[in-house]
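Residue numbers (my numbering): 110 to 375.
No lab work stands behind these hints, which were simulated from the structure alone.
The reader is advised that the hints may include incorrect statements.
[Claimed, not checked] In silico DMTMM-like pairs for lysine to aspartate or glutamate, Cα to Cα no more than 20 Å straight-line:
1. K307 with D296
2. K344 with E332
3. K123 with D354
4. K285 with D296
5. K180 with E298
6. K180 with E281
7. K149 with D212
8. K220 with D200
9. K344 with E264
10. K198 with D212
11. K288 with E298
12. K307 with D284
13. K169 with D354
14. K285 with E298
15. K123 with D351
16. K177 with E281
17. K177 with D284
18. K340 with E264
19. K180 with D284
Predicted model, so just to flag it, every value in this text is computed and none were measured.
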Amino acid sequence: MIRDITIGQYYPAKSILHSLDPRVKLVGTFLYIISLFIVKHYTAYVLVTIFLLSAITLSKVPLKFIVKGLKQILILLIFTVGFNLFLTKGDPVVEFGFLTITDQGIITALKMGFRLIFLIIGSSLMTYTTTPNQLTDGLENLLAPLNKIKIPVHEIAMMMSIALRFIPILVEETDKIMKAQMARGADFESGNIIQRAKSLIPILVPLFVSAFRRANDLAMAMEARCYRGGKGRTKMKPLKYDKRDMITYFVMITFFILIISTRILF
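All chains should be modelled from the sequences, with the hints used to inform the complete structure.
Here's what the structure looks like:
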């Protein structure tokens with residue numbers, strides 16, 4: 110169902126990851142994503158798996174909640190794995206007519222599947238443990254040097270924060286509209302792909318109307334509070350690094366160096 114979408118949601122809990130500075134989590138997530146594209150040997154995959162499981166344990170976010178978010182990428186995952194499974198050259202293992210599964214295709218498909226799953230879980234873990242306001246402050250602080258070349262860093266960070274805030278709101282709104290349409294006899298499950306796509310029209314139209322209405326209300330509220338951008342604005346809770354943040358930086362850099370080492374040595 111539509112409520113299975115957990116991307117962009119914040120999961121409140123008291124954990125080490127929740128208490129970290131948002132800048133640490135942003136930099137750590139960036140290094141983690143880069144490491145996923147560097148991994149080559151199975152040793153590196155083991156290191157990434159151990160690192161990710163450790164992060165999930167420290168976050169205190171239920172594994173069931175994390176896995177639920179993977180349902181939304183199931184089609185993309187199947188397409189990616191199938192594409193690499195059948196179109197990678199190598200020694201044939203199984204043949205289905207004109208389709209051939211090779212040994213190299215199996216290895217590549219498994220690697221791409223793991224990378225995609227780890228990518229979604231790792232990046233989602235950041236939003237699960239960081240509020241939109243913290244993400245905005247952290248991103249704005251990290252990109253602050255770009256202000257010198259006239260890039261509106263505050264406005265970009267604000268737009269990202271608003272977008273993240275709207276994800277759970279629009280998910281809830283979509284769920285309400287679907288239930289209302291189903292109560293009136295709408296069928297979203299039966300039929301072929303084209304028929305299912307057409308059945309979404311009664312959902313998309315009121316959803317877009319609701320989204321534009323909420324955006325207009327938000328703009329009026331910001332204007333009523335004399336919002337004029339980030340110039341000259343101060344923060345009630347300025348970001349400040351703690352000892353645990355420095356330790357986390359050290360752990361992330363060490364992890365990244367180990368991943369690079371596995372690619373060089375193996």
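Hint-by-hint comparison with the structure:
1. K307 with D296: With a Cα-Cα distance of about 11 Å, the restraint between K307 and D296 holds, given a limit of 20 Å.
2. K344 with E332: holds, 19 Å
3. K123 with D354: holds, 16 Å
4. K285 with D296: holds, 15 Å
5. K180 with E298: This hinted pair holds, its Cα atoms lying about 17 Å apart.
6. K180 with E281: holds, 17 Å
7. K149 with D212: Roughly 16 Å between the alpha carbons, so the hint for K149 and D212 holds.
8. K220 with D200: Satisfied, since the Cα-Cα distance of roughly 18 Å is no more than 20 Å.
9. K344 with E264: Distance ~15 Å between K344 and E264 Cα, so the pair holds.
10. K198 with D212: holds, 9 Å
11. K288 with E298: holds, 13 Å
12. K307 with D284: Holds, at roughly 18 Å.
13. K169 with D354: At roughly 18 Å apart (the allowed maximum being 20 Å), D354 and K169 satisfy the hint.
14. K285 with E298: Distance of about 17 Å is within 20 Å: holds.
15. K123 with D351: Status holds; Cα separation ~17 Å.
16. K177 with E281: Since the Cα atoms of K177 and E281 sit roughly 16 Å apart, the hinted pair holds (cutoff 20 Å).
17. K177 with D284: holds, 16 Å
18. K340 with E264: holds, 10 Å
19. K180 with D284: holds, 16 Å
Checked against the numbered hints given earlier, the structure satisfies every one of them.
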